[in-house]
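Protein chains: 4
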Amino acid sequence: MAGNTFGQAFKISTFGESHGVAIGVIIDGCPAGLNIDLNQVQSDLDRRKPGQSKITTQRKESDTAQILSGTFEGKSTGTPITFLIPNEDQRSKDYDHNVGAFRPSHADYTYQAKYGIRDHRGGGRSSARETAARVAAGAVAKMFLKQVAGIEINAYVSRVGKMKLDKTYQELDLASAENNILRCADPEMAEQMIQYIDQVRKAGDTVGGVITCVAKKVPVGLGEPVFDKLHADLGKAMLSINAVHGFEYGSGFDGASMLGSEHNDLFETDFSTKTNYSGGIQGGISNGQDIFFNVAFKPVATIMQGQATVDKDGNAVELHGKGRHDPCVVPRAVPIVEAMTALVLADHWLRNKNSKI
Amino acid sequence: MAGNTFGQAFKISTFGESHGVAIGVIIDGCPAGLNIDLNQVQSDLDRRKPGQSKITTQRKESDTAQILSGTFEGKSTGTPITFLIPNEDQRSKDYDHNVGAFRPSHADYTYQAKYGIRDHRGGGRSSARETAARVAAGAVAKMFLKQVAGIEINAYVSRVGKMKLDKTYQELDLASAENNILRCADPEMAEQMIQYIDQVRKAGDTVGGVITCVAKKVPVGLGEPVFDKLHADLGKAMLSINAVHGFEYGSGFDGASMLGSEHNDLFETDFSTKTNYSGGIQGGISNGQDIFFNVAFKPVATIMQGQATVDKDGNAVELHGKGRHDPCVVPRAVPIVEAMTALVLADHWLRNKNSKI
Amino acid sequence: MAGNTFGQAFKISTFGESHGVAIGVIIDGCPAGLNIDLNQVQSDLDRRKPGQSKITTQRKESDTAQILSGTFEGKSTGTPITFLIPNEDQRSKDYDHNVGAFRPSHADYTYQAKYGIRDHRGGGRSSARETAARVAAGAVAKMFLKQVAGIEINAYVSRVGKMKLDKTYQELDLASAENNILRCADPEMAEQMIQYIDQVRKAGDTVGGVITCVAKKVPVGLGEPVFDKLHADLGKAMLSINAVHGFEYGSGFDGASMLGSEHNDLFETDFSTKTNYSGGIQGGISNGQDIFFNVAFKPVATIMQGQATVDKDGNAVELHGKGRHDPCVVPRAVPIVEAMTALVLADHWLRNKNSKI
Amino acid sequence: MAGNTFGQAFKISTFGESHGVAIGVIIDGCPAGLNIDLNQVQSDLDRRKPGQSKITTQRKESDTAQILSGTFEGKSTGTPITFLIPNEDQRSKDYDHNVGAFRPSHADYTYQAKYGIRDHRGGGRSSARETAARVAAGAVAKMFLKQVAGIEINAYVSRVGKMKLDKTYQELDLASAENNILRCADPEMAEQMIQYIDQVRKAGDTVGGVITCVAKKVPVGLGEPVFDKLHADLGKAMLSINAVHGFEYGSGFDGASMLGSEHNDLFETDFSTKTNYSGGIQGGISNGQDIFFNVAFKPVATIMQGQATVDKDGNAVELHGKGRHDPCVVPRAVPIVEAMTALVLADHWLRNKNSKI
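Protein chains in written order, with my numbering: chain W, 1066 to 1422; chain Y, 1066 to 1422; chain P, 1066 to 1422; chain D, 1066 to 1422.
One thing to keep in mind: the hints can contain errors.
For identical chains, the list gives no copy identity; a pair is met inside one copy or between any two copies.
[Said to hold, decoys possible] Okay, derived cross-link-like pairs now, SDA-like style, lysine to any residue, Cα gap no bigger than 20 angstroms in a straight line: (1) Lys1229 with Asp1319; (2) Lys1282 with Ile1422; (3) Lys1377 with Gly1353; (4) Lys1211 with Asn1100; (5) Lys1339 with Lys1377; (6) Lys1339 with Asp1378; (7) Lys1267 with Gly1371; (8) Lys1418 with Gln1212; (9) Lys1418 with Gln1073; (10) Lys1418 with Val1213; (11) Lys1267 with Glu1256; (12) Lys1281 with Phe1336; (13) Lys1267 with Leu1324; (14) Lys1119 with Ile1246; (15) Lys1227 with Asp1319; (16) Lys1119 with Ala1193; (17) Lys1421 with Gln1073; (18) Lys1418 with Gly1098; (19) Lys1267 with Met1323; (20) Lys1282 with Gly1353; (21) Lys1377 with Phe1336; (22) Lys1229 with Leu1324; (23) Lys1282 with Asp1238; (24) Lys1339 with Val1382; (25) Lys1377 with Thr1334; (26) Lys1377 with Gly1165; (27) Lys1421 with Phe1137; (28) Lys1421 with Ala1214.
Please keep in mind that the hints were generated in silico from the structure rather than gathered at the bench.
These numbers come from a predicted model, not from an experiment.
In isolation and in its complexed conformation, chain W is listed as follows:
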């Protein structure tokens, strides 16, 4: 009910605040017998961690995951797998000047109103720091999908501000996204985008962007009819990531402009389709084609410029951006998008096992 749990069969529950002792996650429902590679968990956390490049926040967190339960001799045992990630560099003092001030387009006001109490040291539970826990869990989901079905998930930055990659994912080497600090799958565009973000950063401003994600080798049959359609669960997963304002899959918003005679994906005799406007999902169920979708991120709300705001009594106050924040969230959000994708697919992979007797 309180919204800290995601998934039904492969279920995660996260906990922890940005300026508390630690954050963490319980994975409940991972089948026994999975090989758990902790290096891979750490590797994904490193892709998300702050301070990794000049275009990310300089907050220093090693984000070292400790495993507390659920494995024995390197394998999952069918019991809850728990990761703990201690908070190290909270610098709560950066927030002292903000006591009582509601930062614009943050969750300060809504949390205060909803709960009547608020940890003013950063975003608390609303901080994107919580997503580190998702990345740790998502790494296990990725291993699961790889080991049971060979599924591969790759996300990359496809837009920063108005700069948009004009190639489709098929024209790109997706793995190359890891070769640049932006995680854009086109090296040239990456360079231009990085320069642009750096300018934005120097101006004390922030900018939005889009991430594209592709899942390959997904077997036919994942997704449940009606409410838990595969793309509905992917959409919810993406929209639950901080700063996300939009989700589209397959033809997406452009599909609204098309005619049925253009949009229909005709079958080949092996049940593959000639086109893939459906984005690999028909009737909410995977059809064996590539699954792909876009996720839109708004600009980070914390800017290094003065802003007029109000305190909790409604008095006008001036807010001065301090602390260490990301000029653009997308480079660090790539592993988060992948993690949430993996969690949705793992969940539906398990759920699908009971479709037929």
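Given chain W, work out where chains Y, P and D should sit, using these hints.
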């Protein structure tokens, strides 16, 4: 697990197939003491029902909802409220020629693969007919929101194919959408769009569109942090509607192009905001401003043109569109979008009651 | 949240009140491909229905189940299976004299207090009539268990008032329980118990009893550790049946008197156990031995004698038993106990499929 | 699905194994604004911890709970509250001789069969050590119930082996149970029972017992009709505790012997009842009277005697009890029973808030 249930506190479960005896819905969790107006339920069903105008399918269904349980002397009793909507005009024969043929961009292939069995008489469970059950339940959710909090929900068609309404919702009289058969809140654009759909229909083709939805007077505090953010649940709700390929709220995909200094919604001293790029939701929680979002629908897959496809053994067959289908889904989808919005808000309204002691 | 749903993977939701239009049930999660025998559903309903013998209520209900969805050509399709059971012989007038009076040890007072509104025509939602819906769903669960794993479930009356069957289930022919109107697996005891119930009935009184249930051929592995232990879910299932006040499995309450050296079930080399004080469940997980348990029912609260009570304003009033009620609930409760057992086992059978990769 | 979560509105998820790094619990759904007294959490843990007296296991664990999240300045914030309890004195070597041997009436065999992998160092996830996490969470639930409704919960030992307390809870000073190491609310019986357990211990054996629990000042209205009746959830909660084989509330199994005319609880004009065979619950909903129930525990399976058993290949092996174990589980189970009771009541207290508009 099987995906036929939506919501946690105000929860619905739908049942039934397009060519079976009936479809229906159980609402579980509606508090006792609500005045239930069955005319309002029927009125929303009439807005969704087939055959209502020249730009909808000519299938004839009265879609008369019978109430089976959950009320006493006109009020909800706190027990499950059940609606039954008998199927009347199935004309299963329209589908006889399709036995074994997989209709492109329908759920025929994925259902067959997932379940190993398929009711070939229309879409079965994957048919949009299921959404009538949602509309009946949504009508109760609307009454609930109106009676407990005065919340108002209005959806309207804002795009058909490439024809896009260029006014924001603030510039429109939302109630006027009901004055035309398209449910577009701009009478002039409505006329042009209707003519366009009629052309598409005559060509045996179909076209996509976009619906915009606005919820006003939503109190501060609805939505749960982390996974069940209000917009994440709205997004899932919309993406679970047949043919939806995209969802964006507030600034949406355009927000990805903006700078933080432009996008931040500065507070007034009454905690309202000067702008509303946040779409009425901050940190996943309603902030008291209008909630608004767009929902993209792909073109209906059934077209009245010959299409090459395959049967379940992979043999190439020719498919001839028959039956009675919608050239564009958006006019009938307006009440569905409203219904799902109401269900999400009712659910979160109840969930929010336990935020504070 | 509102408690009308049971199960996670094989999930049922019931609806309807004793004096409304109909009661019914949705089964969500039954895998596709199951052969559904509607005669078997009706046969179990007939075992539960009123008016079947002199020791049950004379209320007349045919309890004919209509199937509304979820099957195609005699097989389940993986979509929700819905049964509707119309109410026929409500005789609401029998309750007219009770308007405002709270019947002792019924749910009248607690429902009025909880909901602020109450259907005074009989128990409404609290009536045991709701269990007919469970029996219909349980019949499908039984078919499922039989078809996938050969599991057999048999319940029988083992006690009425102070008259207690002193044989264990191993000493009895469980199938013989259906040969007498009490459903006691010992013909001689059955005769004596029936006579006793008849006396109680003539005195306008009621009496309690115990039902024993045995599940054979349950495979090893059903049940989840910690909270959803198999016996914990069985216990909840039984305690959710009207009038149940106790549940014990295996050695039960007598086990509290035993020493560990007596109680431990030593293994044979085929992993069966020499004794079965564990009742077929160890660590919450089935171990392949017979599962057996006892369910205690209090006497029916409606008696045909005058009782002093109060109305909703707290005024003392005299209540005269009218209507048609059961002198002892156990004969009709036998199929209910079996149904709930089948639902728990079907649920855990599905859940267990994801224990290992 | 995997059974490590309990509750819906006030929900806990536990993790950890007996011989891993730590165990712990997340509480999700505790409303904001609750005063959290960590001393009270520790105090309840101390009542459960091993080594507390001569009649408990001598395993040494300080069972010190660390709080990781969910509070700010001593109050709950509405975010997940997490407790971590490190394992200190695992002495895994005590189990080395058991590698491959299935201990009788433990979960060794069923876990091995279900998961195909098993941590042989003690019970792993099946160990009663997991209940420490429940006690920590239950302490918060107790605080909640006390602060919002003044509810008081007291459990005590009412039976050890065949020695049975013959007084009802009304005749006892429940608080006095904490004055003796057995937690029996009758000092004289306590002394005799302690001596008996000591004898049993010296003989290398174990013995079962019964705990009675009483909840006072529970408001009218807790519990949901049909499946989530208050006593059904209490029953499940108790049956989920290690070694529990039976649950009865109010008149319990004795109620099966009674006549309706004896058993019915007649109302006073203030809606209290003259008798309380209903155990404070009618129609599954609390009626304002005391709630009371009994919980039967089988003897601990680990005995300090040689036992014949089999290894995982089915070879006969001799097992020698080693390690440090409880001769009787009930003294340490008293706080566990209270904790689970508190969790059920807190959950239903929150759920009940949405019964009426």
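Verification of the hints:
| no. | hint | verdict |
| --- | --- | --- |
| 1 | Lys1229 with Asp1319 | both (15 angstroms within a copy, 12 angstroms between copies) |
| 2 | Lys1282 with Ile1422 | between (24 angstroms within a copy, 18 angstroms between copies) |
| 3 | Lys1377 with Gly1353 | between (52 angstroms within a copy, 15 angstroms between copies) |
| 4 | Lys1211 with Asn1100 | within (11 angstroms within a copy, 35 angstroms between copies) |
| 5 | Lys1339 with Lys1377 | between (57 angstroms within a copy, 17 angstroms between copies) |
| 6 | Lys1339 with Asp1378 | between (60 angstroms within a copy, 18 angstroms between copies) |
| 7 | Lys1267 with Gly1371 | within (14 angstroms within a copy, 58 angstroms between copies) |
| 8 | Lys1418 with Gln1212 | both (16 angstroms within a copy, 17 angstroms between copies) |
| 9 | Lys1418 with Gln1073 | both (13 angstroms within a copy, 14 angstroms between copies) |
| 10 | Lys1418 with Val1213 | both (12 angstroms within a copy, 14 angstroms between copies) |
| 11 | Lys1267 with Glu1256 | within (17 angstroms within a copy, 50 angstroms between copies) |
| 12 | Lys1281 with Phe1336 | within (16 angstroms within a copy, 44 angstroms between copies) |
| 13 | Lys1267 with Leu1324 | between (45 angstroms within a copy, 13 angstroms between copies) |
| 14 | Lys1119 with Ile1246 | within (8 angstroms within a copy, 55 angstroms between copies) |
| 15 | Lys1227 with Asp1319 | both (17 angstroms within a copy, 9 angstroms between copies) |
| 16 | Lys1119 with Ala1193 | within (19 angstroms within a copy, 49 angstroms between copies) |
| 17 | Lys1421 with Gln1073 | both (19 angstroms within a copy, 17 angstroms between copies) |
| 18 | Lys1418 with Gly1098 | both (17 angstroms within a copy, 13 angstroms between copies) |
| 19 | Lys1267 with Met1323 | between (42 angstroms within a copy, 16 angstroms between copies) |
| 20 | Lys1282 with Gly1353 | within (7 angstroms within a copy, 38 angstroms between copies) |
| 21 | Lys1377 with Phe1336 | between (59 angstroms within a copy, 9 angstroms between copies) |
| 22 | Lys1229 with Leu1324 | between (25 angstroms within a copy, 15 angstroms between copies) |
| 23 | Lys1282 with Asp1238 | within (16 angstroms within a copy, 48 angstroms between copies) |
| 24 | Lys1339 with Val1382 | between (59 angstroms within a copy, 15 angstroms between copies) |
| 25 | Lys1377 with Thr1334 | between (64 angstroms within a copy, 9 angstroms between copies) |
| 26 | Lys1377 with Gly1165 | within (6 angstroms within a copy, 50 angstroms between copies) |
| 27 | Lys1421 with Phe1137 | between (32 angstroms within a copy, 14 angstroms between copies) |
| 28 | Lys1421 with Ala1214 | both (18 angstroms within a copy, 14 angstroms between copies) |
In summary, this structure violates none of the numbered hints.
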